[in-house]
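Engineer: If you want the building blocks of each chain, they are given just below.
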Amino acid sequence: MPKLLPASGHSNLQSERERFATGHAWTIGRDETLSGRQIIVFGPMLDTGATVAWTPESWLQGALQDLQALAALRPGWDSYGASAIDADTATLASEVLRVLADGNAPRPALVPTSDGGIQIEWFGAGLEFQLELEPRTEHITLFFRDLDTGAFWEGPLGEEPEPFPKLLWRVTSHG
Amino acid sequence: MNARGPEGIVNFRNPPITEVVVGVAFKDAAGLSTAHIGECWRAKWESRFPRVEEHPPYSPPVERFDVPPHGPTFALELSVRPTTRLWFVTDDGHELIQVQRDWFACNWRKVSTGSEYDRWPARRAAFETFYTDLERFVEDRGLGKVTPVQCEVTYVNHIVAGDGWQNLGELPAILRLAGAIGGESVSAPEQMQLGASFVISDETDTPRGRLHVTAQPAALRDGGAPLYVMNLTARGGPEGEGLRGALAFLDRGRAQIVRTFTAITTESMHEVWGRDA
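Here the protein sequences line up with chains A and B, keeping their order.
Residue 36 in our numbering sits at position 36 of the first sequence; the count goes up by one each step and never skips.
Add 175 to a position in the second sequence, counting from 1, and you land on the number used in our numbering.
Calculated from the structure, these hints are not laboratory results.
Quantities reported herein were computed from a predicted structural model and do not represent experimental measurements.
Treat the hints with care, since some could be wrong.
Stated by the list, open to error - Using 16 Å as the maximum straight-line C-alpha spacing, the simulated EDC-like pairs for lysine to aspartate or glutamate come out as follows:
id	chain 1	residue 1	chain 2	residue 2
1	B	Lys219	B	Asp308
2	A	Lys166	B	Asp241
3	B	Lys202	B	Glu214
4	A	Lys166	A	Asp115
5	B	Lys202	A	Glu159
6	A	Lys166	A	Glu134
What the hints assert, rightly or not - Between beta-carbon pairs, the in silico distance windows are:
id	chain 1	residue 1	chain 2	residue 2	range
7	B	Glu378	A	Glu121	39 to 47 Å
8	A	Leu64	B	Gly449	24 to 32 Å
9	A	Ala109	B	Gly354	39 to 47 Å
10	A	Gln61	B	Gly354	33 to 41 Å
11	B	Ser222	A	Gly155	29 to 37 Å
12	B	Gly357	A	Glu128	49 to 57 Å
13	B	Phe240	A	Pro161	55 to 63 Å
14	B	Gln366	A	Thr91	34 to 42 Å
15	A	Glu128	B	Asp377	56 to 64 Å
16	B	Gln366	A	Gln61	25 to 33 Å
17	B	Gly399	A	Glu128	56 to 64 Å
18	B	Gln341	A	Ala87	50 to 58 Å
19	A	Arg37	B	Gln366	15 to 23 Å
Ideal placement from N, C-alpha and C gives every residue a C-beta, glycine not left out.
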């Protein structure tokens, strides 16, 4: 299964957990310095990783509950022989949701696919945006469509014509 | 903090600088593996940086200006290859080169209280030398090329209690950004932490990056003395192609750090740090 990396933006995965962070000020962390070993830093924000929007008020908890419900679907859940949701795909989806929640993305809808995958979707004012997580593949497919003009783009995540957050902002700012 | 140069910025004779980190995130070196990084170390850096350590990868944030501050700020990347960040450290622990498949940095730290910061030109020159080593290695071995995408310069300051302040509730004695509380209705804070971000713009007011400032309460492992860790990280895209473009932003970011440090710290601490008139 491919591993999700927080390529940029404000995630608290991996060494980001150790980053010095207060609000949205992001300086380099102890992990990246020699002098970090000389000190003990106080404050729960640094040691719990709770530097981002993983609060009970955020949408993440609800979305993870939705994901859990999808992961419990039995084979044939659509009455047409659909596969159960692939466990690795569900795990990857949970990581994607965490990064999205960290990065101020609006709450997406989660849709199971008949081959055991999961779509993460946003709709707003004639625009459609999807991340498709397919089982046993090493990429996420990104799909974007303007329902008014019919213009669309589809391809592997990372090859999109504009930065992902900018595309998503365009969708959600119309909503 | 301690700028001597044409920028006309304030110089401190005894600044609280503990460490300086100069780094760049890069792309297009798809063939660069951890084994290759080790090979580069063996060929170019081993004699000066004999100590090797392995660390989890660093994921430098990208400063964005194409979405509003409250808009989405994430990015997703899938990787099927595990990434390791290698540290190459000098015997005296003064200097460090950090390399992973998509990030490179040079650190300098003050080891003893008596040692003095060797100033920005030396840090800049070290970065230029070792970055060029990596760049040439990648190209000579046909591993792709090193194309900078994000540049970072960080000043880590350890401001230890003693001169000018005594306990961790006294951050306003160090930072003007942290205001003192008036009145007697509440007790003084036990400790404080602070974060602020500033946009770094060029001469045409075009945003080039951000300067992030954090102040965190801490204690020295050796002796337990209280201190504030004040980090200033200037981060932004290169201002042109290759190494020259990276250095252009790094120079701008470092100048912004020095000016901002002077502006947000108190005059009483400037005296402690030996501000030149």
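Engineer: Against each hint, give a clear statement of whether it holds in the structure.
Structural biologist: Hint check:
With a C-alpha separation of about 7 Å, the suggested pairing of Lys219 of chain B with Asp308 of chain B holds against the 16 Å cut-off. Our distance criterion of 16 Å between C-alpha atoms is met by Lys166 of chain A and Asp241 of chain B, whose separation comes to about 7 Å. Between the alpha carbons of Lys202 of chain B and Glu214 of chain B the distance comes to roughly 19 Å, so the proposed pair goes past 16 Å and is violated. Between Lys166 of chain A and Asp115 of chain A the CA atoms are separated by roughly 30 Å; this puts the pair beyond 16 Å, and the hint is violated.
For the hint linking Lys202 of chain B to Glu159 of chain A, the alpha-carbon distance of about 14 Å falls within 16 Å, and the restraint holds. Only pairs whose Cα atoms come within 16 Å are accepted, and Lys166 of chain A paired with Glu134 of chain A is rejected, the gap being roughly 24 Å. Look at Glu378 of chain B against Glu121 of chain A: about 44 Å separates their beta carbons, and that is inside 39 to 47 Å. At about 54 Å, the CB distance of Leu64 of chain A to Gly449 of chain B disagrees with the hint of 24 to 32 Å.
Restraint check, Ala109 of chain A to Gly354 of chain B: a C-beta distance of roughly 44 Å satisfies the suggested window 39 to 47 Å. Judged by the Cβ atoms, the range 33 to 41 Å given for Gln61 of chain A and Gly354 of chain B holds: they are separated by roughly 36 Å. Take Ser222 of chain B and Gly155 of chain A: their Cβ atoms lie about 46 Å apart, and the range 29 to 37 Å is violated. Against the hinted window of 49 to 57 Å, the Cβ-Cβ separation of Gly357 of chain B and Glu128 of chain A comes to about 54 Å, which satisfies the hint.
Distance hint check for Phe240 of chain B and Pro161 of chain A: the Cβ-Cβ separation is about 18 Å, which falls outside the suggested range of 55 to 63 Å. At about 38 Å, the beta-carbon gap between Gln366 of chain B and Thr91 of chain A stays in the expected band of 34 to 42 Å. Under the hint 56 to 64 Å, the C-beta atoms of Glu128 of chain A and Asp377 of chain B, about 38 Å apart, miss the expected range. Taking 25 to 33 Å as the suggested C-beta distance range, the pair Gln366 of chain B and Gln61 of chain A conforms, at roughly 30 Å.
Checking the proposed 56 to 64 Å range against Gly399 of chain B and Glu128 of chain A shows it holds: the Cβ atoms sit about 58 Å from each other. About 56 Å separates the C-beta atoms of Gln341 of chain B and Ala87 of chain A, a value consistent with the hinted range of 50 to 58 Å. Between Arg37 of chain A and Gln366 of chain B, the C-beta spacing of about 21 Å keeps the proposed range 15 to 23 Å intact.
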